[in-house]
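Novice: The lines below spell out each chain.
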Amino acid sequence: MHTDTLIETHNLSRIYRLGDNIINALDDISISIKKGEFVSVMGPSGSGKSTFMNVVGCLDKPTAGAYYLEGVNVGRLTRDELSSIRNEKIGFVFQGFNLLSRTTAIENVELPLLYNSINARQKRDRAREALKIVGLDDRRDHHPNQLSVGQQQRVTIARAIVNDASILLADEPTGNLDTKTSAEIMKLFVELNTQSHITIILVTHESDIAAYGRRLVGFLDGKIISDEVVEKT
Amino acid sequence: MINIPVTIKIALRALKANKMRSSLTMLGIVIGVAAVIAMLAIGSAARQRVSEEIASMGSNLLIVFSGATSSSGARMGAGSDPTLSLLDAKAIKKECPSVLDVAPVHSGTAQVIYGNQNWSTVIMGTTSSILKIRDWQLASGRPFTAQDVRHANKACILGKTVAEQLFGSLYPVGKIIRIKKVPFNVIGILKSKGQTMMGQDQDDIIYVPITTGQKRLFGTSIPGMVRFMMVKAVSLDELENAEMQINELLRQRHRIGPNQENDFTIRNLTQMMQTAANLARIMTLLLGAIASISLLVGGIGIMNIMLVSVTERTREIGIRIAVGAKTWDIRLQFIIEAVTLSLIGGFIGILIGETGSIVVSRFANLPVIVSPLFIAIAFGFSAGVGVFFGFYPAYKASLLNPIDALRYE
Numbered sequence: 001m002h003t004d005t006l007i008e009t010h011n012l013s014r015i016y017r018l019g020d021n022i023i024n025a026l027d028d029i030s031i032s033i034k035k036g037e038f039v040s041v042m043g044p045s046g047s048g049k050s051t052f053m054n055v056v057g058c059l060d061k062p063t064a065g066a067y068y069l070e071g072v073n074v075g076r077l078t079r080d081e082l083s084s085i086r087n088e089k090i091g092f093v094f095q096g097f098n099l100l101s102r103t104t105a106i107e108n109v110e111l112p113l114l115y116n117s118i119n120a121r122q123k124r125d126r127a128r129e130a131l132k133i134v135g136l137d138d139r140r141d142h143h144p145n146q147l148s149v150g151q152q153q154r155v156t157i158a159r160a161i162v163n164d165a166s167i168l169l170a171d172e173p174t175g176n177l178d179t180k181t182s183a184e185i186m187k188l189f190v191e192l193n194t195q196s197h198i199t200i201i202l203v204t205h206e207s208d209i210a211a212y213g214r215r216l217v218g219f220l221d222g223k224i225i226s227d228e229v230v231e232k233t
Numbered sequence: 001m002i003n004i005p006v007t008i009k010i011a012l013r014a015l016k017a018n019k020m021r022s023s024l025t026m027l028g029i030v031i032g033v034a035a036v037i038a039m040l041a042i043g044s045a046a047r048q049r050v051s052e053e054i055a056s057m058g059s060n061l062l063i064v065f066s067g068a069t070s071s072s073g074a075r076m077g078a079g080s081d082p083t084l085s086l087l088d089a090k091a092i093k094k095e096c097p098s099v100l101d102v103a104p105v106h107s108g109t110a111q112v113i114y115g116n117q118n119w120s121t122v123i124m125g126t127t128s129s130i131l132k133i134r135d136w137q138l139a140s141g142r143p144f145t146a147q148d149v150r151h152a153n154k155a156c157i158l159g160k161t162v163a164e165q166l167f168g169s170l171y172p173v174g175k176i177i178r179i180k181k182v183p184f185n186v187i188g189i190l191k192s193k194g195q196t197m198m199g200q201d202q203d204d205i206i207y208v209p210i211t212t213g214q215k216r217l218f219g220t221s222i223p224g225m226v227r228f229m230m231v232k233a234v235s236l237d238e239l240e241n242a243e244m245q246i247n248e249l250l251r252q253r254h255r256i257g258p259n260q261e262n263d264f265t266i267r268n269l270t271q272m273m274q275t276a277a278n279l280a281r282i283m284t285l286l287l288g289a290i291a292s293i294s295l296l297v298g299g300i301g302i303m304n305i306m307l308v309s310v311t312e313r314t315r316e317i318g319i320r321i322a323v324g325a326k327t328w329d330i331r332l333q334f335i336i337e338a339v340t341l342s343l344i345g346g347f348i349g350i351l352i353g354e355t356g357s358i359v360v361s362r363f364a365n366l367p368v369i370v371s372p373l374f375i376a377i378a379f380g381f382s383a384g385v386g387v388f389f390g391f392y393p394a395y396k397a398s399l400l401n402p403i404d405a406l407r408y409e
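Just so you know, the sequences run in chain order V and G.
Each residue of the first sequence is one higher than the one before, starting from 1 at the first, in my numbering.
Each residue of the second sequence is one higher than the one before, starting from 1 at the first, in my numbering.
No wet-lab data here; the hints were simulated from the structure.
Think of the CB as a built atom: it goes at the ideal place given N, C-alpha and C, for glycine as much as any other residue.
Each hint should be verified, as a subset may be incorrect.
So these bits of chain G aren't anywhere near chain V, every CB distance computed over 12 Å [unchecked claim]:
# : residue
1 : Ala152
2 : Asn304
3 : Phe379
If we take Cβ atoms under 7 Å as the criterion, some of the chain V residues that face chain G in the derived model are [as the list claims (entries may be wrong)]:
#  : residue
4  : Leu59
5  : Asp60
6  : Asp80
7  : Arg86
8  : Phe97
9  : Asn98
10 : Pro112
11 : Leu147
12 : Gln151
No more than 20 Å apart at the CA atoms, straight line, and that leaves these computed lysine to aspartate or glutamate pairs for EDC-like [claimed, not checked]:
#  : chain 1 : residue 1 : chain 2 : residue 2
13 : V       : Lys223    : V       : Asp60
14 : V       : Lys61     : V       : Asp28
15 : G       : Lys191    : G       : Asp135
16 : V       : Lys187    : V       : Glu206
17 : V       : Lys132    : V       : Asp80
18 : G       : Lys90     : G       : Asp101
19 : G       : Lys132    : G       : Asp203
20 : V       : Lys35     : V       : Glu88
21 : G       : Lys396    : V       : Asp60
22 : G       : Lys9      : V       : Asp141
23 : G       : Lys396    : V       : Asp80
24 : V       : Lys61     : G       : Asp404
25 : G       : Lys16     : V       : Asp141
26 : G       : Lys193    : G       : Asp203
27 : V       : Lys89     : V       : Glu37
Extracted from the complex, chain G is given alone in its bound form (with noise of 0.2 Å):
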């Protein structure tokens, strides 16, 4: 025979005559719901960027790369001793069972013209294979062929970058571009994939055949250097297995004793972007956790002034008690009155928790993320968190003796 809406109406009247301390004990909660909010929604955006920069890199990557090379003590940096060889990426994808497919790279920097504009950008030297791999289309054109590669052709795939810093509106497929020079016939044009987590622009490429660019533009000491190969394994699982198998065929391949270094090294790229990822939800649990105890003071807060309220209304819960409420009319009547506390502090705190994590977003260039679940969340949470801390008070004043009560100064 419990009355909530009265029950309700009175909990709000007595929050109501004292706004000042309702306030500030709302401002608690306020705190933590904002503050847990905000870590929920940066943590999120957070992890949403690292998995599609893995998305982007493309899936199950490994990547091969040359020796360094040192030249009187001073080592330089891998890639700069080119000892693998087209041999050795035509040896990877046939050995290795866990290898999908392998992208030979040989690359370089240097300038593009067409007509009076000119930009400086990487090319890259590859074959097919390099688009399936990175998991990238084409917007419009035609991939490298085996023929292009075989007969040194002189056609590049150009990024989306590359392609509006020298063409602007114009449609650059079957147009010529000079690469140091040389002539090229423009063939394809990559859909964009934008930036990298580090600001690096992804577009901002051209591809051409390998055997074209280790013959006209990048020269090699020795024909069918690469520089370094992009592997894809069959699946995630097989990442592990594939960079075993490489090693183990290269240091056949280039005859490496039992104690020697390698010449070349293996990088599983889609490894370290989990472990970004695995930090990213490791940072986010953290954050969470540290704004979950400022929402625990705030509970604490609410407790506090719950239990001085019962005390200054000792009076009022003995004439309520002696005109006939029932344990529960009173334990309700004060859990109600923390949680309305804490609802109302828990709603500003998400509105304060979604403006900051919007606010940090844009600053930090994240995808904001408005969830309804996290506000769920922070709801469910700061009404837990005064039916919690409101028991204790409640329990105490149901149980007070109506006779002291009435008798209380």
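Chain V extracted, bound-state conformation (with noise of 0.2 Å):
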């Protein structure tokens, strides 16, 4: 294992139980991600991008293989243990944005940071960062409902850097928005990803969305059908 690998996973299973069905979301995935990589993950929907990305962020436990987060198995963790993780290395970007309707955008930023034992002064001070990186702290005392969607997403990206995170999990970033903000939205990833070496793992349906990545992966059935490094001019 290199020191610079960030996520590692073996023969990583995840079978669900539908009654009598039973669907084997994912199928043998083994997988290496280093760090500073950006990664679009392609697929149609049921392929199991999104349950790759659920375990990847700790928010779901393999059924069956090991995944290796920073030299760390996930998969013996406790609830409690997991959610720390995701405190401290990973920042979600859903696709409903979903930020807290009654608070304001910097609260939005800071939650995060609510789980964590640093000083309201300093949480302050880094929402505030966080906030300047995606261009909207004029906006921070405004409501998710004042804001545009682009606007939205970049809060919900906001909060998914405050915390420092190692990786970024982007769960379909652009389903909501139209073309050109998808675009402002991918820019800032790519950004983050050269300006602030921060991983990147995209989940998408979008070819053009996943072009923005430097590593397409392609999921089909739960199992990964390409995995390609594309060169950038």
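Build the complex from these two chains, which are given one at a time in their own frames, with help from the hints.
Specialist: Encoded structure:
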């Protein structure tokens, strides 16, 4: 295992039981992702890419196989230990934004820091820093419903990076956005990857969005069917 | 690593977001706590009233009444047939080991005159023992002596009401008043004892030596007859023994056969009062229990609303868990919400309960008791209700699967 390996899975499976049906959402996945990579995970719906995302994001546990995150076997951890890992190492950007509607932008960004032992002053500073990176410092006291969808997604991204997360997991981050806004958001991801060296794993079913990544992983029926590095010109 | 102040802030914001719902939920607790406070306060006020009553009557008291006369089948009240005598009183004091003292009483109502004032009151012919038996002190002057009784001196001791009615602001001791036109020397004034539970003024009374009463005021068919005797037992525990001893002694002295009815009646006043005190205690418990039920219903209301709130905020809980909230972070958030509801409700309830019990006490002429203990109890209770009924919804929230919760619409 290399020191710059961030994620490593060995024969990872995730099996769901829905009544009498057994669904192999992930079937024997072995993959290794290094620090600083920008991985686009592609595949049609039901291909297992979201399940992969949930397991990698420590929201779900594998049924079989092992998942090492920075050398830690995550499959053995308890619910609360997984919460700590998510809090310290993982940032989520969801398709539906998932912002708290009654709280301001900056309070939404601070949310992960609430479950952390840093003091209030530091929280505010780090949240403002994150908002500056996504270009929304002037909107910090707005509520989500006072922001455009693009701005809402930027708040989500700020929330994901506020903890200095090692990985940014984005599940269909442009699913609700128009083409122009999508391009802006994707540009932000690329910036975060190239300038801040944040590892990004992006799940999408749109090939033009996936093309922003530098490594393309194709999923189908719970298996990896392609894995290629894209050379950028 | 749970951040309590922030958790409280989150809880308060969630409550503020649903003001109507929060206040209705609180109302349940308000009513419950107000009821508990009012019941405790009123109940203990009533109990205190009863124990004051016991103290003012004199402790460890028995009253022995003469038997009832019956004229052509119609029976008169106890004491109407004077079967007891001064000799009985002496015998009881001498021969009953459980008896501390005896005061025979021969009484009646009469018009009393001083100067141009007059007043109708109860005149009790008795001995100097009466003051000790009733735990009654003099405000000024002196009590009867054995000599006053032996010589049937025309001396009297006035209750406070009588003294005020006849003398106003004048100092009565040493003055002469007329009872049934017989002149009496006022030798003492009693301290005030106030009203009985029935509203009877205990200070509206005059004590004279029993011999004087018998000879000068209320004539007796047979010399030395008394209407009743007040008996003080050595202690509360000896009260029943004293009753038995008196019963035995009097049956013997009055030569009552084994199958004959007593020609006297013994009343255990202290026991009656104790029963009243117990009754007051039971009533307090009963009312408290009923009030607790309304607190319980209030608690169920909180639980209900918290369950709704958890369901509504499934997505929020999902987000919080996803970004790193641990089991107890989520639990505490909802428990604190529930406790906040119940504590605010409890606080308002205490205010209303206290106000209510003060008002009721005024109307019912009871001593008002605003005890910090009750406030502490009510506050503790409402916090407990919050924790107890908030726990299950909080527990449910903390066990949500973040993936499902995030997808919840």
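Novice: Please go over all the hints and tell whether each is borne out by the structure.
Specialist: For each hint, the structure was consulted:
No Cβ of chain V approaches the Cβ of Ala152 (chain G) within 12 Å, the least distance being about 92 Å, so the stated non-interface status holds. The beta carbon of Asn304 (chain G) sits about 22 Å from the closest Cβ of chain V, which is more than 12 Å, so the claim that it is off the interface holds. Consistency note on Phe379 (chain G): stated as away from chain V, and its beta-carbon is indeed over 12 Å from all of that chain's, at 29 Å minimum. Of the supplied interface hints, the one on Leu59 (chain V) holds, with its beta-carbon coming within about 5 Å of a beta-carbon of chain G, less than 7 Å.
Below 7 Å, beta-carbon pairs count as interface contacts, and Asp60 (chain V) has one with chain G at about 6 Å; its hint therefore holds. Given hint, Asp80 (chain V) at the interface with chain G, holds; its Cβ is 4 Å from that chain's nearest Cβ, closer than 7 Å. Taking 7 Å as the C-beta cut-off, the interface hint given for Arg86 (chain V) holds, the closest approach to chain G being about 5 Å. Interface hint at Phe97 (chain V): violated, since its Cβ lies 10 Å from the closest Cβ of chain G, which is beyond the 7 Å cut-off.
A distance limit of 7 Å between C-beta atoms decides the matter here; for Asn98 (chain V) the minimum to chain G is near 5 Å, and the interface restraint holds. About 4 Å separates the beta-carbon of Pro112 (chain V) from the nearest beta-carbon of chain G, less than 7 Å, and the hint is met. With a least beta-carbon distance of about 17 Å to chain G, the hint placing Leu147 (chain V) at the interface is violated under the 7 Å criterion. For Gln151 (chain V), the interface hint is violated, since its Cβ never comes within 7 Å of a Cβ in chain G; the closest pair sits about 18 Å apart.
The hinted pair formed by Lys223 (chain V) and Asp60 (chain V) meets the criterion: a straight-line CA distance of about 18 Å does not exceed 20 Å. Distance hint between Lys61 (chain V) and Asp28 (chain V) is fulfilled; the C-alpha atoms sit about 14 Å from each other, no more than 20 Å. For a cut-off of 20 Å, the pair hint linking Lys191 (chain G) to Asp135 (chain G) stands: about 11 Å separates their Cα positions. For the hint pairing Lys187 (chain V) with Glu206 (chain V), the CA-to-CA distance comes to about 16 Å; that is within 20 Å, so the pair holds.
For the hint linking Lys132 (chain V) to Asp80 (chain V), the alpha-carbon distance of about 31 Å lies beyond 20 Å, and the restraint is violated. A C-alpha spacing of about 9 Å is found between Lys90 (chain G) and Asp101 (chain G), which places the hinted pair at or below 20 Å, so the restraint holds. Restraint check: the Cα-Cα separation between Lys132 (chain G) and Asp203 (chain G) comes to about 16 Å, which is no more than 20 Å; the hinted pair holds. Restraint check: the Cα-Cα separation between Lys35 (chain V) and Glu88 (chain V) comes to about 16 Å, which is no more than 20 Å; the hinted pair holds.
Straight-line distance between C-alpha atoms of Lys396 (chain G) and Asp60 (chain V) comes to about 19 Å, which keeps the hinted pair within the 20 Å bound. A C-alpha spacing of about 17 Å is found between Lys9 (chain G) and Asp141 (chain V), which places the hinted pair at or below 20 Å, so the restraint holds. A hinted pair counts as satisfied when its Cα atoms are at most 20 Å apart, and Lys396 (chain G) with Asp80 (chain V) qualifies at roughly 16 Å. Among the hinted pairs, Lys61 (chain V) with Asp404 (chain G) is consistent with the structure: their alpha-carbon atoms are about 14 Å apart, no more than 20 Å.
Proximity of Lys16 (chain G) to Asp141 (chain V) is assessed by CA-CA distance (about 18 Å); at most 20 Å being required, the pair is judged to hold. A C-alpha spacing of about 6 Å is found between Lys193 (chain G) and Asp203 (chain G), which places the hinted pair at or below 20 Å, so the restraint holds. For a cut-off of 20 Å, the pair hint linking Lys89 (chain V) to Glu37 (chain V) stands: about 15 Å separates their Cα positions.
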